[in-house]
Amino acid sequence: MDPFLLEAILNGILLGGVFALPVLGCNLVFGVVDVVWLCYAELVMVGMYAVWFLHTQQGWPLMMAFAAALPVVAVLGVALHLCVVRPLLGAPPINQLLATGGVLFILQGGAMLVFGTDFRSLGVEMPPMEWGDVFISGTKLAAFCAALVGAGALWAFLKFTYIGIAIRAIARDREVMPLMGVDPRRVYLVASAVGGALAGLAACLLVVQLDVHPFIGLSFGPITFMICVMGGLGNMPGGFLAAFLMGVIVSTGGFWWNTEMSYVIAFAVFIVVIFARPQGLFSR
Amino acid sequence: MMGVALALAVALAVVPLLGTPDYFLHLGITSMLVALAGTGWAMMGRFGLVSLGHGAFIGTAAYVMALLWNEAGLSPWLGLPIGVAAAMVLAALLRYPCFRLRVIGHYFALVTLAAGEIVRLMIVALRDYTGGSLGMTPRLAPDNAFAAMQFSKAGFWWMALLVWVFGIVVWWWLDRSMSSKALAAINEDQDAAASIGIHVTSEKLRVTVISAGVAALGGALGAQYRLYLNPESLAGIGLSLQIVFGAIAGGMYSLLGPTIGAVFTIALEESLRVAFGTAFIGAAPLVYGVLLVLFILFLPRGIAGFFEKRR
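Chains as they are written, first to last, in the numbering used here: chain E, 1 to 284; chain Z, 1001 to 1311.
Some hints here could point you the wrong way.
[Claimed, not checked] Below, a sample of chain E positions facing chain Z; criterion: calculated Cβ distance under 10 Å:
{"#": "1", "residue": "Val-75"}
{"#": "2", "residue": "Ala-99"}
{"#": "3", "residue": "Phe-105"}
{"#": "4", "residue": "Thr-117"}
{"#": "5", "residue": "Pro-222"}
{"#": "6", "residue": "Cys-228"}
{"#": "7", "residue": "Glu-260"}
Keep in mind the hints are simulated off the structure, nothing from the lab.
Idealized CB from N, CA, C, for every residue including glycine.
Start from the sequences and build out the full structure, keeping to the hints where you can.
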């Protein structure tokens, strides 16, 4: 096989790992609370700014900055839930969607006010790995491994803890669970916090690869939602697989054409998938 | 409501004759064109068909019009209808499968979002023709300004007023038609509506195509007025959300709601610009966002809806 194509496919898989975390977070929130956080990518942006600020401005070690970004974004997720989503739980889904769209503007405008419109770089680079003719960026590989660990931790949390099981149960049937003695309000809060923490983790993985600026959310926000819908909204394994599929499509599309066209193709694939399987690619 | 709208239109028609300063004419033209786009959006938005991708139609119409003028020398008088028609065809092609296959609610909103992004990225990718992210300017024709649709502020004022009235009339006509009742029924319960003989798919498709056409007309004319096209300001999620914000703030359930919303958002934008200047870049979207959230929490029917309820 052409080594460049092989490299594109490998890069696609690595990219999929980075997409996977926000997709899982979004799906978790949607599956449990039944609200799409349109500002999810902006939560990731806040996390990226947090890491950048703590590491380069405050001189914290990188790992400590990473560790701090997770709770910061988790708290933001909880605040989003309490201030915006909870009062709208009974409102039409459209109003919920648009209200979180308003939060998108708030976070974008806030980032511009506080940090300006400059591109901020962390300036961390790891040496590339080399396999014969194939070069793989060390940062991307590390981010990919961290994404897998994060996804694994989420799986374990949902599988083995009491609150995790309650979350999965609520996602399956939100009418019956309150009758079983589960307080849905608490479950919603936990899901929002975990969703926020996943955005924080995604932020840590993205900030080492990309420069952060106030509009960065718009560059990967749309594709995150596409992947969620492709895998089936609320369907975690589906979203996880779809993330890798989309990553490979984007990466190999960039190999054959150019970057914009690769995203055009990815979105076109998304629309075709929705028409072919409206409930998601991997629904049962 | 229609009476109020027509009286307003007559009053607005004489404004340029009174020697109004260019700055206020500019705000008025922008408001009317944004109002038109918002009115178009609300035609389907008020029936629960929330599109987060009306930028797709505006971008298509604007770029088709500008490229026909720059590349083929076709006057915008012909290019604009062709562009709007292209946007309507695009709307039909994109939305027919959506409605046919019952893509509704969140899924529908996200499909439209993808469509808006596709058009934005296509414009960027075809940078040899469209100038990519840097944008493009329609060729200036000072000796043939009328044919090139490049008039003074006053000329554009009447142009904008004309299309705004057109949008209002389309809304009014749609509101009085059987389609509006059918769409309200579909919004309540799609299966029940189908069972009493409403053609769900074709009703939705019709309102979508009309909505896309009206919004595209407003957006493309705005590009022609500014004589500058840019993928970020004519397609994509930012523009689409701003249209939605205007319509929601003003009230998407009343005839003049989106217009009130457009005037409100532009007045807000200008006063923020005057108050903060460039010292606080980002203050505008921040205030925007806070207001959007507050409106949805406390005034989901918008400013117009608030006053209607009072009466």
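Each hint, compared with the structure:
1. Val-75: Violated, about 18 Å.
2. Ala-99: holds, 4 Å
3. Phe-105: Cβ of E:Phe-105 sits 3 Å from chain Z, so the hint holds.
4. Thr-117: Holds: closest Cβ of chain Z sits about 6 Å from E:Thr-117, inside 10 Å.
5. Pro-222: Interface hint status for E:Pro-222: holds (5 Å vs cutoff 10 Å).
6. Cys-228: holds, 8 Å
7. Glu-260: holds, 4 Å
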